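> With the hints as extra help, turn the sequences into a complete structure.
Residue strings, one per chain:
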Amino acid sequence: MVKLIARPLDRKLLRDVWRMRIHAAAVALVLGCGLSVYIMSVGMRASLERTRADYYADYRMMHLAASLVRAPDRVAADLERIPEVAAIETRISGYALLDVPQIVEPASARLISLPLGGRPRINDLAMVRGRWPDPAKADEAIVSEAFATALDIRIGANLAATIHGRRHVLTIVGIANSPEFVFVSAPGELFPQPERFGVVWMGRTALARAFDMSGAFNDAIFRLSPGADDQRVRSAIDEVLRAFGSSGAYGRDRMMSDRFLSEEIKQLTTMAIFLPAFFLVIAAFLVNIALGRVIATERSNIGLLKAFGYSDLAVAWHYAKSALMFGLIGASLGSIAGVVLGRAIADIYRDYYHFPTLAFSAGLLTFAGAWAAAIVAVSIGAIFSVWRAVRLAPAEALAPPRPAVYSRSSGMLARFAARLDAKSRIILRRIQRFPRRAATTIIGIALAIALLVVAGAFPAVMTQLLSVHFSVANRQDVTLSFVAPREIGVMHAVAHLPGVISAEPFRADDVVLRHGRLEVREAVLGLPFNARLSRLIGSDGQAVEPPVAGIALARALAAKLHAGPGDEIEIEQVSGRRVQARIRVSAIVDPMVGSSAYMNIEDLGRLFREPGRISGAHLSLDPARYAAFNAQLKETPALAGASFLRQAERSMRRAFDEGVGVMNYLYIAFAAVMAGGVAFSAARVTMAEQERDLATLRVLGFTRGEASYVLVGELFVLALLAVPLGCVLGTVLGIWLMRLFQTDMYSFTFIFNPGGYAFAIAFTLACVAIASFIVRLGIDRLDMVGVLKARD
Amino acid sequence: MTIAAETDPSPAFHTIRLSKVYGDGPTAVHALRDVDLDVAQGELIVLLGPSGSGKSTLLNILGGLDRASSGEVWFHQTALNAMRERALTDFRRRHIGFIFQFYNLIPSLTARENVDLVREIAEDPLSAEEALDLVGLAERMDHFPAQLSGGEQQRVAVARAIAKRPAVLLCDEPTGALDLKTGVRVLEALVEINKRYRSTTLIVTHNADVARLGERVIHFSDGRIRTIETNAVRAPPSELKW
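Line by line, the protein sequences give chains A and B.
For reference, each letter of the first sequence is one residue, going 1 to 792 in this note's numbering.
For reference, each letter of the second sequence is one residue, going 1001 to 1242 in this note's numbering.
A hint or two may mislead.
[Claimed, not checked] Each computed SDA-like pair below joins lysine to any residue, with the alpha-carbon atoms no more than 25 Å apart:
id: 1; chain 1: A; residue 1: 423; chain 2: B; residue 2: 1086
id: 2; chain 1: A; residue 1: 423; chain 2: B; residue 2: 1088
id: 3; chain 1: A; residue 1: 266; chain 2: A; residue 2: 393
id: 4; chain 1: A; residue 1: 266; chain 2: A; residue 2: 463
id: 5; chain 1: A; residue 1: 423; chain 2: B; residue 2: 1123
id: 6; chain 1: A; residue 1: 423; chain 2: B; residue 2: 1148
id: 7; chain 1: A; residue 1: 423; chain 2: B; residue 2: 1091
id: 8; chain 1: A; residue 1: 423; chain 2: B; residue 2: 1181
id: 9; chain 1: A; residue 1: 423; chain 2: B; residue 2: 1150
id: 10; chain 1: A; residue 1: 423; chain 2: B; residue 2: 1165
id: 11; chain 1: A; residue 1: 560; chain 2: A; residue 2: 530
id: 12; chain 1: A; residue 1: 423; chain 2: B; residue 2: 1146
id: 13; chain 1: A; residue 1: 321; chain 2: A; residue 2: 379
id: 14; chain 1: A; residue 1: 266; chain 2: A; residue 2: 743
id: 15; chain 1: A; residue 1: 423; chain 2: B; residue 2: 1138
id: 16; chain 1: A; residue 1: 423; chain 2: B; residue 2: 1087
id: 17; chain 1: A; residue 1: 423; chain 2: B; residue 2: 1119
id: 18; chain 1: A; residue 1: 321; chain 2: A; residue 2: 296
id: 19; chain 1: B; residue 1: 1181; chain 2: A; residue 2: 584
id: 20; chain 1: A; residue 1: 423; chain 2: B; residue 2: 1122
id: 21; chain 1: A; residue 1: 423; chain 2: B; residue 2: 1051
id: 22; chain 1: A; residue 1: 423; chain 2: B; residue 2: 1121
id: 23; chain 1: A; residue 1: 423; chain 2: B; residue 2: 1116
id: 24; chain 1: B; residue 1: 1241; chain 2: B; residue 2: 1123
id: 25; chain 1: A; residue 1: 423; chain 2: B; residue 2: 1140
[Claimed, not checked] Across the chosen pairs, the derived CB separations fall in these ranges:
id: 26; chain 1: B; residue 1: 1082; chain 2: A; residue 2: 391; range: 31 to 39 Å
id: 27; chain 1: A; residue 1: 10; chain 2: B; residue 2: 1124; range: 55 to 63 Å
id: 28; chain 1: B; residue 1: 1123; chain 2: A; residue 2: 375; range: 55 to 63 Å
id: 29; chain 1: A; residue 1: 433; chain 2: B; residue 2: 1206; range: 51 to 59 Å
id: 30; chain 1: B; residue 1: 1050; chain 2: A; residue 2: 15; range: 38 to 46 Å
Honestly, the hints are just simulated from the structure, not real lab data.
Nothing here was measured: the structure is a model prediction, and the numbers come from that model.
From the three backbone atoms N, C-alpha and C, an ideal C-beta is built for every residue, glycine too.
Take a look at the structure:
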């Protein structure tokens, strides 16, 4: 019996949903957008984590590493005896300048020795093509895949390398990836320039000979037993290696490749929470608007159902089902779009992260989470309207609704209302009479504006970051880093390199900074006064001089140390003399990239008892002599690396365009869906509610245009009220989001970008205009007589 | 378009073989069939008949709310059936006052403001006070519709309809939702206005007693005019019963 009655009700449900199809489409699209980002980010995060975990496990990625100056091979046995060390491998590692004919600038490579006994026990290589080098042949080498791909290096090709001041010609026998270099960037560079930096693996004997390291090693890597105490093992390693010039063992958190991966995973997490949450809230709003309207028009049906004996619960379930249907349609859309987006983002990731394979896959739990979120959102949206249906007593529901009771405005509003024409007064009084509904529309539109403000802020922030970093802070053309610190006198030679217009020295030291119990390992950079090329940046984005005395900290570093100007902190060199000292923080600076500490170069030299020693130089070049400069550089053995600013900028810009850029277009598209959805829903509801008044106006002789004024006017008043709210909300969200996306590598600061705000406002108002125009067409189709003869 | 309605001696309305068909094929509904009718300027006519007999359809076509399927309808010298939508709107704006069964006041405007609404688009309208005074509501001008009884709301609707001094008042079941006492007050207002301003007044009703009010009574059934009676003696609204 119940079933027989339920079937027509279900048919009614389908027809209700069809009647509400515009609302349903808006809800489903908004949900779809939010959930697709959720599925993409959660799925991608899980894929990255899983792929990383598998890769690290299969190829035995190191847990700890230590670099040192030189230790005899016998020390390996001491390291092996350290409790909780499961495996240790000693290596010879260094840098080489490569002479690659395909590019003008010198390329460089990280050189790593392969163990004598064959394949590495730690950080094994995933061979893509070719074979392992023959230990008997000193010239055979393996190169990293990204480098080989970028320069089109094939198996059997030759590569000219200057190793430790001597020229070698290597033969490439294999192309491989390593868990140690999932993300590859040259020292001092943030973003990959695969054509300028690669990894080269060679036989131990050959490399020992090249670096004069026979019977010794300068790099040790470790795998730990499960559950090992990382800190304790590190101390033990340091104990053994301190005498050999180790700068201290470090974990994966300080390994560039793993750190980048972790940052990426963190950002995916942020994205998985922020954007979907935003869309779910909007979807709930839309459901609330749509269902509220349906239940208002279905009063008498609700009365009838109850009069027939349907329980409150049955009635509630009937109306809740339509909201759930919206949710399910949205969740389906979001699931499909999420997988499509996920695959697209995996393609981008494959360019940056070199795993043997990286495929996007979202687990069942991810989908379940998305579907559950959709159901929760629509349920929250539906609950108030459904509750109203439940509360309605049958007799009351069957009677016509009492006309809405309006009241006259008082005070200023009354004086304002008195000056309006009757049509404008209708608009004003409706907003006054239904403040909650007006607020819903205002908040919905404001959220759309806010999202667009945030989306518009990202490119501005990136542009600002790039322009400050590459135009204000760093105006050199190239930065040279020496293999080992040199006397300041070397600047004379540097200045005489072909095409050098000006040169400025710098000093860089790895240090541990301590404040109270807090400890951070960072670089401290020494810069000269009156620098023209590489400069510090103050909080206003302008260049500032290095501190006259004391140390300046990047804002992010100061935050980590809980230190501010005037505080005294402890500084300890991690290599060389290991000088320890106390120094006063004299300023907080705002470099957009990196989070180092800064001193003037003379102070830093004196502090570490090496006055007049420098680590490298910043140069500005005569463009006409660029090729000559580079030709000379390729033959300069004392260089660890050369960083070309324009190329660094290009690689950074490319990374931003591909990552942030793509996401940004997506944000804008999603914000458009949101603005359109909210505007359309609000317009439809207003039209439905005002149908009778609009028909009355038409009958009284008002033209379509005049009648439309009441409809469109209300929406526009609400939209205009939403503008300031949206701007404030967008700004707050933007500031908060920039903080979330902040990493050790960049500091994003929200930028008030008037163009972005103007776009957000104009775009949203255009959506409202289009929505009201489409809905306005309904006035042309108004059945004046039918509407007026019907009881409310 | 200007129509010198008040001074024109021609009939206010003149219809020739006026028909209205909704839908087509076997499901077509003939709401009006070949209606020929003349309505003199200032005349008060009651249209009587059961539901679906075509009386409201005729009223809507005369008022420019609906279009005939065939035939002609003239308002003085102007053919309504030839008018475009925009011109029909203008026609309603200048000449027609409508009164419906369910009042159709704008709930967000007070009684006075509802009347003001039409004054904004009328030439030489009555003041809102005058119009409301005519229907005996001068004291309740600043009340919102929800604060008024049904009869009062309908009288505001009457005041709103007459404020622009329309040539024609079209009333579709104006007392349909009212009890006798309040209904009588509404009818009294309509008769008074008809007398005072010589507004051609057509009242649609299915209440036979209301017919005693009209100069002529047109009986409708099945989309046709069955008979037209002329009342030798018109009853005042206070004598009516329903």
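> With reference to the structure, classify each hint as holding or not holding.
Do the hints match the structure? See the list:
Distance hint between residue 423 (chain A) and residue 1086 (chain B) is fulfilled; the C-alpha atoms sit about 20 Å from each other, no more than 25 Å. Proximity of residue 423 (chain A) to residue 1088 (chain B) is assessed by CA-CA distance (about 21 Å); at most 25 Å being required, the pair is judged to hold. Pair hint residue 266 (chain A) plus residue 393 (chain A) does not hold up; C-alpha atoms about 52 Å apart against a cutoff of 25 Å. A distance of roughly 23 Å separates the Cα atoms of residue 266 (chain A) and residue 463 (chain A); the hinted pair therefore holds under the 25 Å criterion.
Simply put, residue 423 (chain A) and residue 1123 (chain B) have alpha-carbon atoms about 18 Å apart, close enough for the 25 Å limit, and the pair holds. With a CA separation close to 21 Å, the supplied pair residue 423 (chain A) and residue 1148 (chain B) stays within the 25 Å bound. At roughly 21 Å between alpha-carbon atoms, residue 423 (chain A) and residue 1091 (chain B) fall within 25 Å of each other, so this suggested pair holds. About 33 Å separates the Cα atoms of residue 423 (chain A) and residue 1181 (chain B), which puts this hinted pair outside 25 Å; it is violated.
Using a Cα cut-off of 25 Å, the hinted pair residue 423 (chain A) and residue 1150 (chain B) holds, with the two alpha carbons roughly 24 Å apart. About 21 Å separates the Cα atoms of residue 423 (chain A) and residue 1165 (chain B), which keeps this hinted pair within 25 Å; it holds. Of the pairs offered as hints, the one joining residue 560 (chain A) and residue 530 (chain A) is violated, with about 29 Å between alpha carbons and a cut-off of 25 Å exceeded. Annotation: proposed proximity of residue 423 (chain A) to residue 1146 (chain B) holds, straight-line Cα distance about 19 Å (limit 25 Å).
Proximity of residue 321 (chain A) to residue 379 (chain A) is assessed by CA-CA distance (about 9 Å); at most 25 Å being required, the pair is judged to hold. Our distance criterion of 25 Å between C-alpha atoms is met by residue 266 (chain A) and residue 743 (chain A), whose separation comes to about 10 Å. Among the hinted pairs, residue 423 (chain A) with residue 1138 (chain B) is consistent with the structure: their alpha-carbon atoms are about 23 Å apart, no more than 25 Å. The suggested pairing of residue 423 (chain A) with residue 1087 (chain B) holds, with an alpha-carbon distance near 22 Å, which does not exceed 25 Å.
At most 25 Å may separate the alpha-carbon atoms for a hinted pair to count; residue 423 (chain A) and residue 1119 (chain B) meet this at roughly 12 Å. Distance hint between residue 321 (chain A) and residue 296 (chain A) is fulfilled; the C-alpha atoms sit about 17 Å from each other, no more than 25 Å. A hinted pair counts as satisfied when its Cα atoms are at most 25 Å apart, and residue 1181 (chain B) with residue 584 (chain A) does not qualify at roughly 95 Å. Annotation: proposed proximity of residue 423 (chain A) to residue 1122 (chain B) holds, straight-line Cα distance about 15 Å (limit 25 Å).
Our distance criterion of 25 Å between C-alpha atoms is broken by residue 423 (chain A) and residue 1051 (chain B), whose separation comes to about 35 Å. Between the alpha carbons of residue 423 (chain A) and residue 1121 (chain B) the distance comes to roughly 11 Å, so the proposed pair stays at or under 25 Å and holds. Pair hint residue 423 (chain A) plus residue 1116 (chain B) holds up; C-alpha atoms about 10 Å apart against a cutoff of 25 Å. Note on residue 1241 (chain B) and residue 1123 (chain B): the hinted pairing is violated, with a Cα-Cα distance of about 38 Å set against a maximum of 25 Å.
Taken as a hint, the residue 423 (chain A) and residue 1140 (chain B) pair is honoured in the structure, with Cα atoms around 21 Å apart against an allowance of 25 Å. Under the hint 31 to 39 Å, the C-beta atoms of residue 1082 (chain B) and residue 391 (chain A), about 54 Å apart, miss the expected range. One distance hint, 55 to 63 Å for the beta-carbon pair residue 10 (chain A) and residue 1124 (chain B), holds here, with the actual separation near 59 Å. Restraint check, residue 1123 (chain B) to residue 375 (chain A): a C-beta distance of roughly 59 Å satisfies the suggested window 55 to 63 Å.
At roughly 36 Å, the beta-carbon separation of residue 433 (chain A) and residue 1206 (chain B) lies outside the given 51 to 59 Å, and the hint is violated. In this structure the hint that residue 1050 (chain B) and residue 15 (chain A) lie 38 to 46 Å apart at CB is violated, the actual value being about 32 Å.
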